[in-house]
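Chain residues, written in single-letter form:
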Amino acid sequence: ACNNSEKTDTGGTDAEAQSGEGTINIGYTGPLSGSAAFYGERTLNGVQMAAEEINNAGGVEVNGKKYKFNVVSLDDKYLPNEAGANAKRLMQENKTPIIFTPHSGGVAAMQVFNQQEKFIIGAYTSEPKVTEGGNKLTVRIPPRYDGYLEPFTNYTMEKFGKKIAFLPTASQYGKDWAEKLQPHWEKAGGEVVYNSSIDFAKDTDFFTIITNALKEKPDVLFIGGPSEPTAKVAKQARELGFKGGFIVMDQAKFDEMKKVTGSYDVLNGSIGVMPLVDSDSPGIPEFVKNYRAKYNEDPGSEAGLNYIAMYVFAEAIKAAGSVDDPEKIMEHMQDGLDNLPEDKHVYVIPKIDQNGGFEGELIVAAIEDGKVVPIKAD
Amino acid sequence: MLFAIVFPFVTQNDYFIHVMTLSFIWMIGVYGLNLLAGYTGYLSLAHAGFFAVGAYSLGLLTVKAQMNFWTAFVLALMITSILGFLVGLIALRTKEHFFAIYTLCVGYILYLVIDKWDSLTEGVRGLIGIPAPANIGPISFETPLSQYYLVLVILLVVILIVYRIVHSLTGRTYIAIRNSEDLAQTIGISTMKNKLEAFVLSTFFAGLSGALYASFIRFIGPDIGNIVITFDLLTYLLIGGIGTLSGPIVGTVLVVWISQQLQFLQDYRMLIFGPILTLLVIFYPRGIAGSIAGWNARRAEKKLAQAQLDERFSQRAITAENQVKEG
Amino acid sequence: MLKLQDVSVKYRSFTAVHNVDLEVHPGQIVVLLGANGAGKSTIFKTISGLNKASTGIIEFEGESLNKRSPDKIVQSGIVQCAEGRKLFPSMSVEENLKMGAYVHRKHKKGIKQSMKHVFELFPILEEKQDDMAGSLSGGQQQMLAIGRALMAKPKLMLLDEPSIGLAPLIVEQMFEVIKTINTEGTTILLAEQNANAALKIADKGYVFENGAVVLEGTSDELFANDEIKKAYIGA
Amino acid sequence: MFLETKNLTKKFGGLTAVNSVDFTVEKGKINAIIGPNGAGKSTFFNLISGFHPPSSGSIILKGQDITNMPSNKIAELGIARTFQTTNLFEQSTVLDNVFVGHRLRTKSNLLDAVLRSKRLKREEEQCREKALEVIRFTGLEKVAGKLVGSLTQEEKKRTAFALALATEPEIVFLDEPAAGVNPDETEGLAQLMKKMVDSGITVCLIEHKMQMIMKLADKIMVLNYGEKIAEGTPEEIRNDSNVIKAYLGGSASA
Amino acid sequence: MEILVQQLFNGLTIGSVYALVALGLTLVYGILHIPNFAHGALYMMGGYITLMMMVQYGLHYWLAILVSVIVVGLIGVLMERLVFYPLRHAPPIHDKIAAIGILLFLEAFAQYIWGADYQTMPTPYGQVIQLFGLTFTMQRLLIIIAAITVMVLLYLFLKKTYTGASIIAMSQDRDGANLVGINTNRVAMLTFLISGGLAAIASSLAAPINLVFPGMGQLVILKAFVIIILGGMGSIPGAIIGGYILGFSESLGATYISNDYKDIIAFILLVVILSVKPTGLFAKGGH
Ligand SMILES: Nc1ncnc2c1ncn2[C@@H]1O[C@H](COP(=O)(O)OP(=O)(O)OP(=O)(O)O)[C@@H](O)[C@H]1O
Ligand SMILES: Nc1ncnc2c1ncn2[C@@H]1O[C@H](COP(=O)(O)OP(=O)(O)OP(=O)(O)O)[C@@H](O)[C@H]1O
Ligand SMILES: [Mg+2]
Ligand SMILES: [Mg+2]
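Chains as they are written, first to last, in our numbering: chain R, 5 to 382; chain A, 207 to 533; chain F, 32 to 266; chain B, 786 to 1039; chain V, -13 to 273.
Quick caveat, the hints were computed from the structure, so don't treat them as lab data.
Among the hints, erroneous ones may be present.
What the hints assert, rightly or not - For lysine-lysine, the following PhoX-like pairs were computed, each having C-alpha atoms within a straight-line distance of at most 25 Å:
1. V/K146 / F/K139
2. V/K146 / B/K796
3. B/K906 / A/K399
4. B/K858 / B/K812
5. A/K301 / B/K858
6. B/K979 / B/K915
7. F/K261 / F/K34
8. F/K137 / V/K145
9. R/K140 / R/K355
10. R/K99 / R/K166
11. F/K139 / V/K263
12. R/K221 / R/K166
13. F/K260 / F/K231
14. R/K332 / R/K133
15. F/K137 / V/K263
16. B/K927 / B/K1000
17. A/K301 / V/K263
18. F/K261 / B/K847
19. B/K847 / B/K979
20. B/K812 / F/K261
Model, not experiment: these values are computed from the prediction.
Generate coordinates for the entire structure from the input sequences, incorporating the hints supplied.
Below, the structure written as structure tokens:
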């Protein structure tokens, strides 16, 4: 009954499909409506752009046969049960060897049956449990963020002082970050004077909580979450007279924050991840140019990382010599990373750990005198 | 019903089975809502909250307390019902919109507690690794098909229970309360006791539905307690026909199916789904099941009219069904 | 003044009023008699525009009312004091009266004048002018409803069972008030169960049964009719 | 004493709607309450039936103090009532209305319903019998299957009677049972009330229809501004100057 | 002490926004007995339209708000005509579901037109004022002043004008209003117009201190519902006072009790109040 389905055409036309070429369906389930839609769309953009580029370059050749990618995307409204249903549907109707999803609930719901039904989950979530739970067909796309702790702590503590107030987003990611940062900060001799979080989905105004945080006279604020509200938090902290530095969690991007604050001046003294567009990784210029042309905005890491992941999967498929055996593809993920052409290195990801987590290199940047300056990690 | 039993063999489609199983789970919750809103006239918007309490009770008892599945299952239902009892005791003092919004707030509190109390519930991270239903003797519930039948059997029991309640003196009592609570009270009906009964039963079904959900999806996050879920359930009920027995089934299947069908619209499906919902409510105010029952009743009425009434009156036995159908 | 020709009214498939012809001349008091459910209120609601006639013509001062909305009908001078009173329960007595003069809202002075007049007719209302209408007793509410209708200074006033639930003493007063209003120049169409009292003040009457007019005549003619006596006046 | 009130008082804010009323209802008789609009008659009923809690005073039924009981308990003790604005289950049929009227005499609960127990079946039968009985009693056979919303005023009043009777009361309190009903039908309702008394039920009613009251009542109490100003036989009341001044006026017509 | 005063000011700011939103909601509830779940969507539309007027058409802030008030008011009217009017005889649950349908539609619509991401509304009142160690920003002062002005004007309108009184009259008896010559259809439309306008003002005032995004209505709508039952549904002073109670309880609760649980505080407050007084604080007697 569901034949009139939902193919997002990504290059491969029917005509090509008939002329002895194969199609590999790639699944995607994520929030495409509701309050998290912007996030879902950006992750999907990365996957789609990569698939399209590969198709335009002739597709992938596996065992002498040409294949093109077709991304099939479904909306799950950020709900695990919908993600589960979508995955079932994708398997049933499209036989997708890989399904991307950008939330841990969706990953968890799919992990119930992905090994039985044989598909790889492209998990865009920083939750370590998704790969540490023993599921053999899950790839965790975002790199671990532990590496940020050191440079962030060193930089701000040196420049501003030892007292920090925590005000990250109330999401799981924000809380994980805070949990990791706290011992680190304290070990370095600092003190956490205020520890709370802001729920951007429920708070209308951040003045109240910032007032409370500033009451403790912190030297540094740890903030983060989606870029725009994070920028608001920074701006309002400045309005309330805060003069110290910011540690900006990696979910927020300086370049996107700037759109809200107007200039980098407000953010002086912040340390965070290098905005993708300002990074000097080899794949950046090309990627940024194409992305802007296609989506009319600057790409962020959601797009960038999923873009790479799609490429890596393509390379892994080639290396595995199989388009429909996820286990085999999984075995060749490291080959996929190794074979990734230099000019696609939007991020540098040299390794995948034995559980399926990408281990990428981190690039850190600070804002000084209204400019983004790279900071050497390690 | 027969269709539901043979359905898996007809389709052989995992995805359909998955969606149907989920629909059945929702239906159980919708029946709970129907019993309360449809028959006693009290619209509870805390339903998702109780759904989540059922799900989390099961999840926590199995994952954190490592309890045997079925023990946890029974306990989860008891916890939900007891909570429902306590909430009902206070909430039922309010009426109409106040009750609706009071329960909306209760639901929201339940959601916030689940969301914020992360030392217990894992907060936004959610609970991972909830086990599937444990074997009952030789029957195992690991495969989607066996889960489908498990849920179906439970659903049928729920329907039977609701059917019997509605067609009994208790059901009439509920309907009397719906029609005029003051009057019910003056003819000697303890409205509080009856409302509370219906409310607890309704939360029991919500908890049952939640516990089944948790063991089927095997992951739960605070979002399942969100008011959006209540509205989903309410939508199923209203589209199907509130205060009718088949309404929950019709509505759930229809809306879930429409919503799945509209997937091809991608980001814009709510652009279509919203108006469809509104139009259905405007043009089928009694729901699909209610409208069909209405047509049938009117046809029957035309045919038989008063002649039959007189006859019915002179008979000693008057079938119970005809009286409960209205509304 | 008011003329109904061949008017029928339906509630969905049920025809509550069949082919009614009715006429009210300026200055008259006309009474509609009839058992419960005979269709009196339905006729009233239809004249006021709350229901729509399915067939027939309703004319007021030579103009058709069929397509007019209820508020326009009030503006043209027909005000109804409805069954069930339809007061604004959480507004004070005074505010209720003020709202009665909604169509004359531009004339502040006139409103004061009318209100004084109403208070003269119903002193109890003046006493309770700051109380919520909803807290009045049934009879007091009925007075308020009539008072509110008077505030609009109608040319034609429709009174739907004004004596319902009133004490005998008040009923007497009520009919006197109606008579007074009438002599002051308001034409009145009245629906009543209390045929005795109603016919005493009326010029003309119509008897309704099952939604149709079965009898019409001057009040004397109707008084003389034995069947009417038996059915509506009592032994 | 069958039912009596002592010093019964009800205040709404500053207003004393019922003021220290002592009243006894005589068993097996027709007791009437009359008085001007706003005298507190309906409020008096509301107090007895447990609809409002009294501000002070007490209500005693056969020696038992029922003053602050919830209305459903009072109904169980055998007190039934009708409302001034006829209050019925509008969307149900007459039969269904009356059917639940007997619910208070049954015991079956949720479990019985789920299990379809013998008790439930027996009690359903019992309710049906009762419903048919009171429908016959009130003469509603012809409209038993109609929705209450579509009935005439008089039929609604009868249905309200039937509903009250289905609770198997010892006393019924009727608030203006003949309001909005024409003389012919009023007579019918009066007959019905007599029939109720004949079958052993005590009747207490509020009415403004003096013709009917004077013929029907065994005993009348008159309220004015919440206070009892007179009590006695119709004859006594008719000639009481206070009552004439406050209520009856010149010609006690209607 | 300073903190307390600063937090009171913060509470006042946010309470003003809440009160404005709740007012629109309570007005529609009072008159048509519709708990309009789509009110949050009107709030969101208000934010977007003001933003679009400023950014795309370069209108001044106030002018943009004016346009937004009119447009959102008209959307409200349209909603009444197309959805709630046909449902006027339906049971109340129907209104709720229909409103949810509208809500889903408008959110999807906003996402379709303006995209799903966060946007920033510029304001000409970005100045920061430091006074006695307290921080005010012009925009926040503006929120408070504008909100109070609007509320006073609305109050005067309802109490002192016949048109206002006709809104109140209709809220109590629709037929009765008809019978005294009020055009009830027009009053219903007027009410939705005002309600939409209030939502637009609220969001246009609040947007510069937060962000504009499709889900922004959800931030306030649930709270607005809490407020209107707190204040007694349909009660105008109730909505205003309820708005400020909630604003203060949030800012003070976050300071002196717990930031994480501050939302719960408001809801528990409500549950407690309703448990004691089942019809809200300002419910009117008699019916
Ligand atoms: N809203 C309605 N829907 C359906 N039928 C109705 C409606 N209102 C009245 N009726 C029916 O229309 C008929 C005429 O009713 P109407 O109220 O006009 O009578 P009436 O003469 O005013 O009686 P009463 O003396 O009881 O006021 C009755 O049979 C009644 O049941
Ligand atoms: N719920 C209430 N709140 C406030 N005042 C009330 C309430 N109910 C009744 N009253 C007042 O109490 C007084 C007595 O009212 P009640 O209804 O008992 O009069 P009644 O004798 O039944 O009059 P009627 O014959 O007109 O029905 C009236 O002045 C009325 O305004
Ligand atoms: Mg009538
Ligand atoms: Mg009374």
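Hint check:
1. Our distance criterion of 25 Å between C-alpha atoms is met by V/K146 and F/K139, whose separation comes to about 13 Å.
2. A C-alpha spacing of about 33 Å is found between V/K146 and B/K796, which places the hinted pair above 25 Å, so the restraint is violated.
3. Of the pairs offered as hints, the one joining B/K906 and A/K399 holds, with about 22 Å between alpha carbons and a cut-off of 25 Å not exceeded.
4. A threshold of 25 Å between alpha carbons decides the hint, and for B/K858 with B/K812 the separation of about 20 Å falls inside it, so the pair holds.
5. Taken as a hint, the A/K301 and B/K858 pair is honoured in the structure, with Cα atoms around 21 Å apart against an allowance of 25 Å.
6. Restraint check: the Cα-Cα separation between B/K979 and B/K915 comes to about 20 Å, which is no more than 25 Å; the hinted pair holds.
7. A hinted pair counts as satisfied when its Cα atoms are at most 25 Å apart, and F/K261 with F/K34 does not qualify at roughly 29 Å.
8. With a CA separation close to 16 Å, the supplied pair F/K137 and V/K145 stays within the 25 Å bound.
9. A threshold of 25 Å between alpha carbons decides the hint, and for R/K140 with R/K355 the separation of about 17 Å falls inside it, so the pair holds.
10. As the CA atoms of R/K99 and R/K166 are separated by approximately 54 Å, the hinted pair breaks the 25 Å bound.
11. Simply put, F/K139 and V/K263 have alpha-carbon atoms about 40 Å apart, too far for the 25 Å limit, and the pair is violated.
12. Between R/K221 and R/K166 the CA atoms are separated by roughly 11 Å; this keeps the pair inside 25 Å, and the hint holds.
13. Using a Cα cut-off of 25 Å, the hinted pair F/K260 and F/K231 holds, with the two alpha carbons roughly 13 Å apart.
14. With a C-alpha separation of about 23 Å, the suggested pairing of R/K332 with R/K133 holds against the 25 Å cut-off.
15. Only pairs whose Cα atoms come within 25 Å are accepted, and F/K137 paired with V/K263 is rejected, the gap being roughly 41 Å.
16. Taking the CA atoms of B/K927 and B/K1000, the gap is about 29 Å. The hint is violated against a cut of 25 Å.
17. Under the criterion of a C-alpha separation no larger than 25 Å, the hint pairing A/K301 with V/K263 is consistent with the structure, at around 12 Å.
18. A C-alpha spacing of about 43 Å is found between F/K261 and B/K847, which places the hinted pair above 25 Å, so the restraint is violated.
19. At most 25 Å may separate the alpha-carbon atoms for a hinted pair to count; B/K847 and B/K979 meet this at roughly 23 Å.
20. For the given pair, B/K812 sits about 34 Å from F/K261 by alpha-carbon distance, which is inconsistent with the 25 Å threshold.
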